[in-house]
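Student: What follows is the residue order along each chain.
There are 2 protein chains.
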Amino acid sequence: MSILVVGSVALDSVETPFGKIEHALGGSATYFSIAASFFYHDIYLVGVVGTDFPKKHVDFLVSRGIDLDGLEQIEGGKTFRWGGSYVDDLNAAKTHFTDLNVFSDFQPKLPESYKNSPYVFLANINPELQINVLKQMTNPKLVVCDTMNLWIDISRPMLLETLRKVDILILNDAEARQLTGENNLTRAGKKILTFGPTRVIIKKGEHGAISLTESTFFSAPAYPLTAVVDPTGAGDSFAGGFMGSLVTLNGLSEQDIRRSIINGTVIASFNVEDFSLDRQRTLTPKEIDERFHQLEEIVRF
Amino acid sequence: MSILVVGSVALDSVETPFGKIEHALGGSATYFSIAASFFYHDIYLVGVVGTDFPKKHVDFLVSRGIDLDGLEQIEGGKTFRWGGSYVDDLNAAKTHFTDLNVFSDFQPKLPESYKNSPYVFLANINPELQINVLKQMTNPKLVVCDTMNLWIDISRPMLLETLRKVDILILNDAEARQLTGENNLTRAGKKILTFGPTRVIIKKGEHGAISLTESTFFSAPAYPLTAVVDPTGAGDSFAGGFMGSLVTLNGLSEQDIRRSIINGTVIASFNVEDFSLDRQRTLTPKEIDERFHQLEEIVRF
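Line by line, the protein sequences give chains A and B.
Residue 146 in my numbering sits at position 146 of the first sequence; the count goes up by one each step and never skips.
Residue 372 in my numbering sits at position 71 of the second sequence; the count goes up by one each step and never skips.
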């Protein structure tokens, strides 16, 4: 009953009004795995790093129970590095540099033991690679996918082909509007359902998230934070918390989905309280539980 | 146990992607009163119109049980007229013209019978007039207030003086940010509480609303509409539904407030389904009730 995630493992340099970090642990697969590890313990990570990737980061991932057989290390290669800042708008990063390095030639190759994973998260990578991963899999039970403005822009046909094979698409409001040409998010969500996924989850930052199927509509609150220290990885933490929780609940009912969306919200809310994945290093199940119950209270009427 | 509202009564010309109307019934006090009338039947309207104000509009207000003793009609005067359009962004109107007419010299004078109203809504008018209204009142139990960017801009000291006398401030997200200089809405809300109100309700359009006191936080969902025909009056409809519901519940508990915010959300959602107040002409209690229960379902997890 493993969860397979394919995405980036990176070293991030980030500046926000609260400070800055350099070459800290980052990447979509990293944020996803760590978030999922708070709910579930069979997580397979597929990604690539260079020989410059610090051993302490590997140790941290291993300490959270994450299987790294799928993490390729390119001899003499350099790890994907991203630098950016959040100034006025904490929802939109300004990219300073993107050094893809070993990630530019990334061709995900699944270890044999990974191929029959029932749960798959295709993090935000080229849709061609996302399809490629699905082709290597035996018979996944649930395929969840993320994407970004870049692929909607330059790789729409391939992205649409991916979406036909996806059960749940998770994306943010701007991406949902861009993908569908619909300004109204409910309409955008409904249109995405015609592309293939049976469910779409649209993240709206400080406004929470909505989740639509043909017959259901869920509005999830955001956790009310008064200070966002570093928003990097919030989306992938949300997805990781969501899937980890979902697999633990071992069902796909609307109720399971909703409670898992709330768990995703909770992990994302902790993630942004500190730089990189630093908050997750001390995060406890009790803290997660408390915030879950606070969210129950926040929407009760 | 009457609700007193002071605000504009207007004739609106509005254009949206769905069509246009000319010189249709509008104005903050109008939208508020009609919305409140779906929950409560003792509503006193204070406003001003000219002799051009069609009798059919007066008849409509009277048919909803609204007391118009406080609606001054200026002999030979012209009613406040506003023209605007919503093009790309249904959250922001583009104003084409604002003919204040009789509204420019509006000095709210409360009939004797109005002065001991326990509930007051100060719609979006000059804060000087808002204070003036409060001075005429005996001992209001609950003062709710709206405002707008214009007054925050040009009349901040007077607005802050009004806020010291207000129990609940209702405003939208952009206004909350402008008033406080805080981008984070939770922080903005908390800062507003230091200005005087014991509660602030921040409306976020398609993202719902949040309501804060020193010790509580409520996140209300929006009703998921796939088509907004005309957003004019949504905020005042929300406020009217909120106060009408609150007075009917006859309490001020957090639970009463929350259920009333949802009722405000419901009325606002109907209001935007047609131009002017046309949707309210056929709206039934059963429809309101159904949408209330849909919102319960939408947030349940």
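Treat the hints as calculated values from the structure; they're not laboratory data.
Do not take every clue at face value.
[As the list claims (entries may be wrong)] Lysine-lysine pairs mimicking DSBU-like chemistry, simulated, CA-CA at most 35 Å apart:
id	chain 1	residue 1	chain 2	residue 2
1	A	Lys191	B	Lys321
2	A	Lys191	B	Lys442
3	A	Lys191	A	Lys115
4	B	Lys356	A	Lys190
[Stated by the list, open to error] Simulated restraints on C-beta separations:
id	chain 1	residue 1	chain 2	residue 2	range
5	A	Ala92	B	Glu574	19 to 25 Å
6	A	Asp278	B	Ile455	41 to 47 Å
7	B	Glu555	A	Thr226	16 to 22 Å
8	A	Ala227	B	Glu598	29 to 35 Å
9	B	Thr517	A	Glu22	54 to 60 Å
10	B	Thr399	A	His293	44 to 50 Å
No residue lacks a Cβ here, since even glycine has one placed at the ideal position from N, Cα and C.
Student: Taken at face value, is the distance from the CA of B:Lys321 to the CA of A:Lys191 at most 35 Å?
Tutor: 27 Å, holds
Student: Between B:Glu555 and A:Thr226, does the C-beta distance stay in 16 to 22 Å?
Tutor: Hint holds: Cβ distance 20 Å, inside 16 to 22 Å.
Student: Do the Cβ positions of B:Thr399 and A:His293 conform to the proposed distance bound of 44 to 50 Å?
Tutor: 48 Å, holds
Student: Has the hinted range 19 to 25 Å been met by the Cβ atoms of A:Ala92 and B:Glu574?
Tutor: 32 Å, violated
Student: Return holds or violated for the Cβ distance of A:Asp278 and B:Ile455 against the range 41 to 47 Å.
Tutor: Cβ of A:Asp278 to Cβ of B:Ile455: about 45 Å, so the range 41 to 47 Å holds.
Student: Taking 54 to 60 Å as the hint, is the beta-carbon distance of B:Thr517 and A:Glu22 inside that range?
Tutor: 41 Å, violated
Student: Within a Cα-Cα threshold of 35 Å, do B:Lys356 and A:Lys190 meet the stated pairing?
Tutor: 44 Å, violated
Student: Next pair to validate is A:Lys191 with A:Lys115; report whether the Cα-Cα distance is within 35 Å.
Tutor: 31 Å, holds
Student: Hinted pair, alpha-carbon criterion (35 Å max): A:Lys191, B:Lys442. Please report holds or violated.
Tutor: 48 Å, violated
Student: Lying within 29 to 35 Å: is that true of the beta-carbon distance A:Ala227 to B:Glu598?
Tutor: 33 Å, holds
Comparing the model with each earlier hint shows violations of hints 2, 4, 5, 9; every other hint is respected.
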